[in-house]
Amino acid sequence: MSDATLLGVCYYPEHWAEEQWADDARRMRELGLSRVRIGEFAWARIEPAPGLLDWTWLDRAIGTLAGAGLKIILGTPTATPPRWLLDEMPDMLAVDAEGKPRQFGSRRHYCFSHAGYRAQCRRIVGAMAGHFGRHPAVVAWQVDNEYGCHDTVLSYSEAARQAFRQWLAKRYGHIQALNEAWGNVFWSMDYADFEQVDLPNLTVTEANPAHRLDFQRFSSDQVVAFNREQVEILRELSPGRTITHNFMGFFTDFDHHAVAADLDVASWDSYPLGFLEQADFPGSDKLRYARQGHPDIAAFHHDLYRGCGRGRWWVMEQQPGPVNWARNNPAPLPGMVRLWTIEAHAHGAELVSYFRWRQLPFAQEQMHAGLLRPDSVEDLAAGEVRQVAGELQRLGAAGPAPAPVALLFGYASEWMTRITPHGERQRALRACFEWYSALRRLGLDVDILAPESDLSKYRMVVVPCLPWLSEQVAEALAGLEAPVLIGPRAGSKTREFSIPPALAPGPLQRYLQIKVVRVESLRPGWSASGPGFAIQDWLEHLETDLIPELCLDDGHGVLYRQGNLRYLSAGPDERLLGGVLQSLAAEAGLDPILLPQDLRVRRAGDLCFAFNYGPSALSLAGLGLMNSPANGHFLIGSVDLPPAGLGVWRQQKA
Amino acid sequence: MSDATLLGVCYYPEHWAEEQWADDARRMRELGLSRVRIGEFAWARIEPAPGLLDWTWLDRAIGTLAGAGLKIILGTPTATPPRWLLDEMPDMLAVDAEGKPRQFGSRRHYCFSHAGYRAQCRRIVGAMAGHFGRHPAVVAWQVDNEYGCHDTVLSYSEAARQAFRQWLAKRYGHIQALNEAWGNVFWSMDYADFEQVDLPNLTVTEANPAHRLDFQRFSSDQVVAFNREQVEILRELSPGRTITHNFMGFFTDFDHHAVAADLDVASWDSYPLGFLEQADFPGSDKLRYARQGHPDIAAFHHDLYRGCGRGRWWVMEQQPGPVNWARNNPAPLPGMVRLWTIEAHAHGAELVSYFRWRQLPFAQEQMHAGLLRPDSVEDLAAGEVRQVAGELQRLGAAGPAPAPVALLFGYASEWMTRITPHGERQRALRACFEWYSALRRLGLDVDILAPESDLSKYRMVVVPCLPWLSEQVAEALAGLEAPVLIGPRAGSKTREFSIPPALAPGPLQRYLQIKVVRVESLRPGWSASGPGFAIQDWLEHLETDLIPELCLDDGHGVLYRQGNLRYLSAGPDERLLGGVLQSLAAEAGLDPILLPQDLRVRRAGDLCFAFNYGPSALSLAGLGLMNSPANGHFLIGSVDLPPAGLGVWRQQKA
Amino acid sequence: MSDATLLGVCYYPEHWAEEQWADDARRMRELGLSRVRIGEFAWARIEPAPGLLDWTWLDRAIGTLAGAGLKIILGTPTATPPRWLLDEMPDMLAVDAEGKPRQFGSRRHYCFSHAGYRAQCRRIVGAMAGHFGRHPAVVAWQVDNEYGCHDTVLSYSEAARQAFRQWLAKRYGHIQALNEAWGNVFWSMDYADFEQVDLPNLTVTEANPAHRLDFQRFSSDQVVAFNREQVEILRELSPGRTITHNFMGFFTDFDHHAVAADLDVASWDSYPLGFLEQADFPGSDKLRYARQGHPDIAAFHHDLYRGCGRGRWWVMEQQPGPVNWARNNPAPLPGMVRLWTIEAHAHGAELVSYFRWRQLPFAQEQMHAGLLRPDSVEDLAAGEVRQVAGELQRLGAAGPAPAPVALLFGYASEWMTRITPHGERQRALRACFEWYSALRRLGLDVDILAPESDLSKYRMVVVPCLPWLSEQVAEALAGLEAPVLIGPRAGSKTREFSIPPALAPGPLQRYLQIKVVRVESLRPGWSASGPGFAIQDWLEHLETDLIPELCLDDGHGVLYRQGNLRYLSAGPDERLLGGVLQSLAAEAGLDPILLPQDLRVRRAGDLCFAFNYGPSALSLAGLGLMNSPANGHFLIGSVDLPPAGLGVWRQQKA
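Chains as they are written, first to last, in the working numbering: chain A, 2 to 655; chain B, 2 to 655; chain C, 2 to 655.
It is possible that part of the hints are untrue.
If chains are identical, the list can't say which one is meant, so a pair holds when it fits in one copy or spans any two.
Claimed, not checked - Derived pair list, reagent style SDA-like, types lysine to any residue, alpha-carbon separation capped at 25 angstroms:
(1) K458 - V154
(2) K72 - K458
(3) K516 - W326
(4) K516 - S377
(5) K516 - Q537
(6) K72 - R387
(7) K72 - Q388
(8) K516 - A503
(9) K516 - H16
(10) K516 - T206
(11) K101 - D88
(12) K171 - W85
(13) K101 - L203
(14) K101 - T206
(15) K458 - R123
(16) K516 - P362
(17) K516 - R28
(18) K101 - G480
(19) K458 - R428
(20) K516 - G336
(21) K72 - S499
(22) K171 - R395
(23) K516 - R311
(24) K72 - T545
(25) K72 - G397
(26) K516 - G384
(27) K72 - D607
(28) K171 - F282
Quick caveat, the hints were computed from the structure, so don't treat them as lab data.
The structure presented is a predicted model; accordingly, all values stated were derived computationally and were not measured.
My request is simple: use the sequences and hints to build the entire structure.
Written as structure tokens, this is what we have:
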């Protein structure tokens, strides 16, 4: 990346009187915005009746925006098919797990497996790309909108059933192969034909986990295929434009790495306050960070989508004020919109685009703030955007920023823990977030990567939870010089969701002489102590000749090492996880420092960034941060960070 | 009202052997009862087979009861259509939000929109009114029973769908008007025809709030129309009789003001213990008041339905002992049945009717107490009824009782907060109850009124939560001399559920120079402090030149005043709400006194009533109550109130 | 019983390569196992296509096992019908309460009322019994598997509806009899014909409790009939073999006494850790006993199923390590598998059979431990089994063990409290468990019996919760010399679920001059005190001339006595329940001793057993246990019990 982070905004010309467009465009530019995303929910206005395409208004809208100097990110409108399409094919709707069609009246009312709907999408995207694809102001496309939002990946429709059977037939070739792979002999679940296989919903008790995993894989593949069809049309009809999709935070129903592989850039929608309120955080965090968001929510996704986008990523929608969709909807602390924007820059975002330009006074999201209030007066965020636009100019390009630490996350592992958690708090995503947070508390920069990624450049690698782990990944990890920390459950399942013949950690056993012979999950409130730490939630019993590096007071080993590999055989508390990661980081020469609870830092190029997520002022003095900022030149801020405050200084070469 | 409060009872002759009727009637009279409600669940016995009307048993029952000197309140039996009706029209059933028909086997198994069922109701009511309408002992009619019980207002049936479309077509005239009113452009939700509009259930994510609000309005209108059809028949065939419906506590699915507008008298069913257990009260209240009911539950509804009935209201069903339908079912403290009865009198009830005469040993409500036990021995309540009958005679008419304080409550506002609460504790009904309770803690009498009511006689007006507030209401409030306190969210929505162009508080801005430019909802546990108080749950940010009367410690204004209008811009804690109301009441010359937690008082004519809802004895001495009761003449009780005790004294003219 | 407790194991030859069978069999014998249960989920392998019966593999498996000296318990495979059966009769599936068919893909996918499926079961069981019935190694049959698992007793299918109508017609003869029995007049619920009666699901509000109770009785009868059909075939075609069914802990959807009446032996599946985690125990117990199970879970079921089996009972599946199906799945403390086995022996089990031989690496239960790990290495339990096999040999037969205390439990009463609990914590099963636990804390041995059992041999009888109680039972209780303690709600309902004409305790009033005239249920947190105790949850008001033996501080009586009968009229806290039971036991000459929280004892023949269920070591010294074990001869263990430790000594004749 060679440019400064750009700023943009999401805009819906169809929501506003045409007379307002020019002034809106002018004001966008005045704020320092250069990109505008439009069109992704406009199908009913583009094609108000079957086949009746009306480009005129959108031509004028694009003309007006482009005329003001804005570049356009055009959304394909396939997340909101018009009502008339349902008259033609009522079965295009997705079906929920209870068998009920998910009706028209909001958005995402389609099934990824419906061939008719897929054809309609190709048609409208082709028409749109044909019309606008070479428009000089159109610089990028967003395909659809937030795949998976409102739990829309898994559909139990007839279309999905037929497509799943074909997918299985292709995967297994013969039904006996499926029976064996799934272990259907277990409860006389054998099939004689692929046509007998149903979707894994509404079974008397839980369906075979292999059945569920394949359905999850199939459903993810359907999203990939749906997305790819549009990408291919766009590449053909709109050459040279950047193609992206806006992923959504904490969504794991499909494989984001796989979808992103077809994109030029990964983007995501960043709502730190809404995510904090809705996700599974402790109540104390939800109160402490109510107006800031948890200090790691945004960064976690930045680092995840940078990985998905192979280095290229955007924030497509940035929360600018209170949202409407969480159980409670506080306002960001003044300064947080600026902070989030600079933080995205520090993590390498090419673009931060605010959602939305003006708060809309009607329909579902009328209580969602924008840069402007519904009465067109600037809302608080607008001032912060104006400020941050200048600051970003000052900072210039964030520069290449390979993080020293790699954290591996795979969607298949997340599905496995979701399908059979074995304990109420067991989820791969949770483990990854907690490990990520512990690394960030140590002041470390992290890349979140798919398991198969090239890890050769990293100085430290962590593997919080990879129940499925291939031979290649095991070999790669063992082949590193960097220290590697592997969490419990690694290699505990085969690709087909069974226990490996040699038991967990499966292929890692070649390099790490341990065998997990028993696992226990323990309810919240249970713990067992070691010197200065405790374990919780999960405990493994190992067969090994290795001498544990750490033991519980009763002698039960919890940390084992062989070569560069370390294995943690229990659910760590904060002290154990932090301590082990700190040791490894020190070993890797990374100078870890335990930061105050609310402080986060990030390096980019030769710049250092510090962010105060807490409710009180913080000082950077005396923390031992890299090249003591007191001596550095502060480009932004100073050693004293007020709430929502940040500091940027230039790192001295060692 | 010019008569003493009458007493009555609910009786089901069809449940008992005919030989028992005469003795039952005699004992009713002996207890002091003069009214008996019968018939509302008897359709299957009145018409055991299609068209086969059998009046004979009911003729005899009415004859027996009338012969003993009882006057009859006759219920139309439309809440329990007989089983054979379903054979004729199986689609008469309501359909739940998941699409499942709500089957026969209990009660209220009908859809308000089903034309066939509506015709059957007109037929049976016409037949009943024709037969009994001019019977001299029949003095009143109750239409149906507890509209809305068991969540039966909203039906997602085909009949409802068709009727909703017609309702919309009538309301909007053209589909484009609907599209604009709802803001359907938002997510390409435009319709081309009213026939495309479905009910707002089973959508992928939340339906358009305007869609939901219109469906709520439509559903409420269907109840109004259903009720009115019966009222019109009864007026024609049973002239001069009082017509009522028995509303149910804390039900808000339809507009009770609108239904009551067609009635002569509003009545409600008072189950203080059941409501406390089932409604959303803190656990500490549920324990403290387990055997008394929360001190404001009964009074709140008395004052609400007095408003609905334009001064005329009854308690149609009064809890006489443990009920069967709450999660836990304690027994009222001895004395509570008497207390509840006198309290209803103090609030102006014309009639208090106990449910039921004798505990029924079978079917769904067999654990619901009556005045008699199943073995016909008097249960505890019977003795209290005998006592209170004498006391009511002694007290005579309660006299005209215009309360000095008006509290405005509108069903449309309640629907709006239910459809989009924006915060987990945000409900108009909750706010109204809390404000009402705070006023009562100050010893004030309150009228609960529809927003459009004439407020000219009131000395103080409070508006806890009216998101929708018309120009007329705003003008009326501003035109008063009395102080007015307006709570947050007032005027924040248009009638069509969008944000007003000039933002909240909408039409109030003409009289109160504030503009709400941002709102936040905050999770339970969050609070911010001011001097001697705190705010919670909700916080608004205002644009105004007014100097706040109260601020948080950080300077954020929470109370603003212009002329007679005051606006509270945050969710108050008990101290803030109590303090502000006390100031206003003092300003209005109302001599507010902060009562002990468990004590409530009420004036009626020149009488003062005091009620002890607590578990311990209370003394009225030294409280500074009006015209010090120690000096007054106690008609009932004394200055010392035992648990469940009450005192009545004559107020000295000042 | 004259033999030592036998040990067995559950094995699935169809899950493993045939080459492994012989070695498995040899190792089973080596561990001390003599019984092996097989076949109960193998239908799809026995009959891979319609009518194509393949006995060959099972012949070889049985041959191999028998050749090693193992005796076979053969399961009928009707819990897992093969997929092809569904093509023939898709309506064989059960239907859930929401009306959704419960699909293929796991197990128990059938409706007990489906005549076609019943015929298929008779066919396959006939074929299996014809083929294997006289095989010398086949010593027993298990019918189906865990009736009721996954809530499969109640089915709302069309088949169930038709069968229910026939069942009702048979029971009531004429529809008017049903209307009267149910009290359908209540809400005009009268039927004109049995064909009008639907199943009691999806009603607008709760269906008539009599309707629900009859549906529960009908559903239970369907299980009895289903079971009996197989039993009759097996008796004919496999003479002399023991017939059993494996019941599941804490299941009460059908009458286990009635099903067991057709069996030779009752057996049950013992998962102490899974049951503790899933059932409604306080969180503190779930943590304290996470790795042991609550000290009374296993014993309660031992004593219940000993009653069901008229003295003959087995543990068919014994938990050997962590299971897969609870919310959290800890591992048993080392020693617990041995402890559970000896405890079963002490309670009189003829057989303890472990589930399963080897942990299966695939399908739904892949995380369920076995005696062997998936890699065929012995898991921890194997060592304990080897040890306990020797110990059981040493102990010999447990000898006749009539317990001195009888506790009455009836399924109809449990259904009644489930259908109308009246208070959130009211369940007959809960009361029985709590009383049982209190008795065991006093060191008493208990038989759990159906209400109609012969009680003449018992020295003390307790009746925790029998809302339905026949004249005969009342007479039998009153006719005993032993003291009897009767809990609240006894005799409060007639068989048809109405209140008895003379009120509760119904038929007991002839012998106990009390009449319950009012009951209250009170929410958790409420209590009322007496001297040294408190009551909670439930309080009854009585009419009686008896002087209470115990009163609350306010004078309200809570314990009444007449002759040998005592009646407790409130929900006791632990102190009250323990104290009253201790008094009664002392009166009965049973030398009750309040044991430490974690200790349990059991007598069998002249042996005494003590079990430490706690996390810490316990000493038996100084407890005053029978014939002071310090002086006795310890056959196993000593006076000091480590965690999971036990002691067995010979009781000296007094």
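Practice prompt. Could you tell me which of the numbered hints above are not met by this structure, giving the numbers in increasing order?
Written response: Violated hints (numbers, rising): 1, 2, 10, 15, 18, 19, 21, 22, 23, 24, 27, 28; every other hint is consistent with the structure.
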